[in-house]
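Peer 1: Listed below are the residues making up each chain.
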Amino acid sequence: MRSDWQDMLRSTPMRLTLRLVALFVLISLLTFIATWWLANKTLLDAAEYTLDLELAELSASGDPATIAAAVARLALQADPETMILRYDGPDGVTGNLDQQVPGSGVREFDPRDRDDLSDRYIVNSREVSGGVLTVGQAADSFEELREVFGKVLGFTLLPTVVLVFAAGMLSARRSARRLGAIEETLDRLRSGDLSARLPAMPGPADDLSRVGAGIDKLAEAQEASTEALRQVSADIAHDLKTPIQRLSVQLAQTREALPEGTAPDALDRAEAEIEGIVSTFQSLLSIAQIEGGSPRLRFAPVDLAGIVRTMAELYEPSAEESDHRLRVDIGREANVMGDRALLGQIVTNLLENALRHTPRGCEVVLSLDGTRLSVADDGPGIPAAERGKVMRRLYRLDRSRSTPGSGLGLSLVEAIVKLHGGELSLHDNAPGLRVVIDLPELPET
Amino acid sequence: MRILVIEDDRTTGDYIANGLREEGHVVDLSRNGREGLLTAQTSDFDVLVVDRMLPDLDGLSLVRTLRAAKNLTPALFLTALGGVDDRIEGLNAGGDDYLVKPFAFGELTARLTALARRPQMRQDDAILTAGDLHMDLIRRKVTRAGAEIDLLPREFSLLECLLRRKGRVQTRTMLLEAVWELSFDPQTNVVESHISRLRSKVDKPFETELIKTVRGAGYRIEA
Chain V
155 MRSDWQDMLR STPMRLTLRL VALFVLISLL TFIATWWLAN KTLLDAAEYT
205 LDLELAELSA SGDPATIAAA VARLALQADP ETMILRYDGP DGVTGNLDQQ
255 VPGSGVREFD PRDRDDLSDR YIVNSREVSG GVLTVGQAAD SFEELREVFG
305 KVLGFTLLPT VVLVFAAGML SARRSARRLG AIEETLDRLR SGDLSARLPA
355 MPGPADDLSR VGAGIDKLAE AQEASTEALR QVSADIAHDL KTPIQRLSVQ
405 LAQTREALPE GTAPDALDRA EAEIEGIVST FQSLLSIAQI EGGSPRLRFA
455 PVDLAGIVRT MAELYEPSAE ESDHRLRVDI GREANVMGDR ALLGQIVTNL
505 LENALRHTPR GCEVVLSLDG TRLSVADDGP GIPAAERGKV MRRLYRLDRS
555 RSTPGSGLGL SLVEAIVKLH GGELSLHDNA PGLRVVIDLP ELPET
Chain Z
95 MRILVIEDDR TTGDYIANGL REEGHVVDLS RNGREGLLTA QTSDFDVLVV
145 DRMLPDLDGL SLVRTLRAAK NLTPALFLTA LGGVDDRIEG LNAGGDDYLV
195 KPFAFGELTA RLTALARRPQ MRQDDAILTA GDLHMDLIRR KVTRAGAEID
245 LLPREFSLLE CLLRRKGRVQ TRTMLLEAVW ELSFDPQTNV VESHISRLRS
295 KVDKPFETEL IKTVRGAGYR IEA
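Chains as they are written, first to last, in the numbering used here: chain V, 155 to 599; chain Z, 95 to 317.
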């Protein structure tokens, strides 16, 4: 469930939604701040203007006694919660405020812990003939402004964000489902099931359904070309194998017509040639089918160590007969997802190569550690420059032309390794050749 | 045995039919799929030899049709194809065995014999014998003329395989399938080497040779 959430957060529509929400919030806040600042300034200007008028009116006489009297008169009428007055004149303090207002000019004043006063005032002071006259008005309108802005923010921005977010989630889930279907189809295609197609997508056509249609078309083309390859292979097989079959029948009949033991060498050689042709043909056909990917449909968990043991045991007597030492070294055991017969074919081909292309007395080591399989010998090896070429189909080293084989063994091994998602590499065993195959491990369940 | 051969190539078809007749079998030969299917459905055969690629009705569909009609006569596919998928396709379609062209005639007859007798094979024998050789399957012991022979597990399986099919030829590929469960044919003579080791233990110290080589086909222990 957690990874579902993470997947959704990482999905394209969700990321777009989150970006849009962030952008929207940013723009809203900027607008909000600008408006607030403008409204605040307008209110402040108005307050300043009013205070200027009051100050001018009160100090019009220029005489301290008259000013003090005017202040005292106004202070009597005014409610200190809306208006404060104070005149620090040469004859003492007059007004309804008994504390000093710090600072000068237009400013905010915040009287502390006073029940009879408001929380905040806008005040202005002016020096008038021998004293300082201070007038202030309560900043209630600013508080109201702040409240209004808070409400605007709460009623517009928050629901919008929530709505956009929810819409984003819905569209993310919808596209996640469709992407899931696309991914599943791709998986099936990759595993060799070329008949896999996307399920019909509900709703109007959009970019995703275009991608889906593209995948379907690609799969269709792939299936058609695989089928064409199959058909061509089958036709070639039939047209070539029929005469080969007849030839082999004729050779067999020739042999039967001769008295036992009098068959000429040429007959044996001809039969061996036919075997060689058939073997090359079969290998090419197998490589084509493996590269087509169809054996993936038969993949199942395979125990590599079991295969290695069987093959080592199978080849041990032949190795001894050709005067080779065959050593088996099995470390950690692991399973791979694959085709048992094809994986067995890998070991067979590598062992046969090693036994065939190394002189008597050489040692061949077949080792397995986890899913790393290697066959190493201490024979003549392959020069570094030739190592890339030996993977080519039908390529043979000059010195191997006299030994039997089609030059397809390693190509077949490479095709099988690729089919299993593994890697094949050739190394210098100093002396000799070491072929290493790394296959993807099947996690324990 | 009564054998139906369905093969469109005249040379190959005649060769198979004549060869099998020489060995004393009764052979019907069909040149195309439809005729072959009709013959297979109307008469009883011990085994069918079916070419995979036939004009009008291919071999796979033919055997599939037979199996759908509950006809379980063992069928061996002959095929020009020999890729990794083809064998499995053949077995999935209801074929019992598979032989890639060109084949040695000995291989064909050995496989046909194995197929036709398959249902009668007894698996529950505890002791297998051939001449003075005894194999105890429960105690996993082999004795010849009273002397115990020490065999490796795989040599034991190989000998067991030959003994169970006593009197019938076992080809190299049949032994590879039965003993090592390998469905492909290695280039090296691996089976020969194993047989030669087995012989050195089972035959060499004694006067008569039990494991016989059948030229061009395989090995056999006489009944």
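Hint data in this document are derived by calculation from the structure and do not stem from the laboratory. Here the structure is a predicted model, which means the values were calculated and not measured. Every residue, glycine too, gets a C-beta built ideally from N, C-alpha and C. Some hints could be false.
What the hints assert, rightly or not - Computed spacing ranges between beta-carbons, pair by pair:
| no. | chain 1 | residue 1 | chain 2 | residue 2 | range |
| --- | --- | --- | --- | --- | --- |
| 1 | V | Ile390 | Z | Asn126 | 18 to 26 Å |
| 2 | V | Ser345 | Z | Ala162 | 51 to 59 Å |
| 3 | V | Ile398 | Z | Asn112 | 30 to 38 Å |
| 4 | V | Ile390 | Z | Arg104 | 16 to 24 Å |
| 5 | Z | Arg293 | V | Asp393 | 37 to 45 Å |
| 6 | Z | Asn112 | V | Ala584 | 35 to 43 Å |
| 7 | Z | Arg104 | V | Glu577 | 43 to 51 Å |
| 8 | Z | Glu316 | V | Arg351 | 38 to 46 Å |
| 9 | Z | Gln135 | V | Glu595 | 25 to 33 Å |
| 10 | Z | Gln135 | V | Gly430 | 47 to 55 Å |
| 11 | V | Gly485 | Z | Asn126 | 51 to 59 Å |
| 12 | Z | Glu242 | V | Gln404 | 25 to 33 Å |
| 13 | V | Asp393 | Z | Ala162 | 53 to 61 Å |
| 14 | Z | Gln135 | V | Arg514 | 18 to 26 Å |
Peer 1: Taking the hints in turn, state whether each one holds.
Peer 2: Checked hints:
no.	hint	verdict
1	V:Ile390 - Z:Asn126: 18 to 26 Å	holds (22 Å)
2	V:Ser345 - Z:Ala162: 51 to 59 Å	violated (29 Å)
3	V:Ile398 - Z:Asn112: 30 to 38 Å	violated (20 Å)
4	V:Ile390 - Z:Arg104: 16 to 24 Å	holds (21 Å)
5	Z:Arg293 - V:Asp393: 37 to 45 Å	holds (43 Å)
6	Z:Asn112 - V:Ala584: 35 to 43 Å	violated (59 Å)
7	Z:Arg104 - V:Glu577: 43 to 51 Å	holds (49 Å)
8	Z:Glu316 - V:Arg351: 38 to 46 Å	violated (60 Å)
9	Z:Gln135 - V:Glu595: 25 to 33 Å	violated (51 Å)
10	Z:Gln135 - V:Gly430: 47 to 55 Å	violated (41 Å)
11	V:Gly485 - Z:Asn126: 51 to 59 Å	holds (57 Å)
12	Z:Glu242 - V:Gln404: 25 to 33 Å	violated (50 Å)
13	V:Asp393 - Z:Ala162: 53 to 61 Å	violated (31 Å)
14	Z:Gln135 - V:Arg514: 18 to 26 Å	violated (59 Å)
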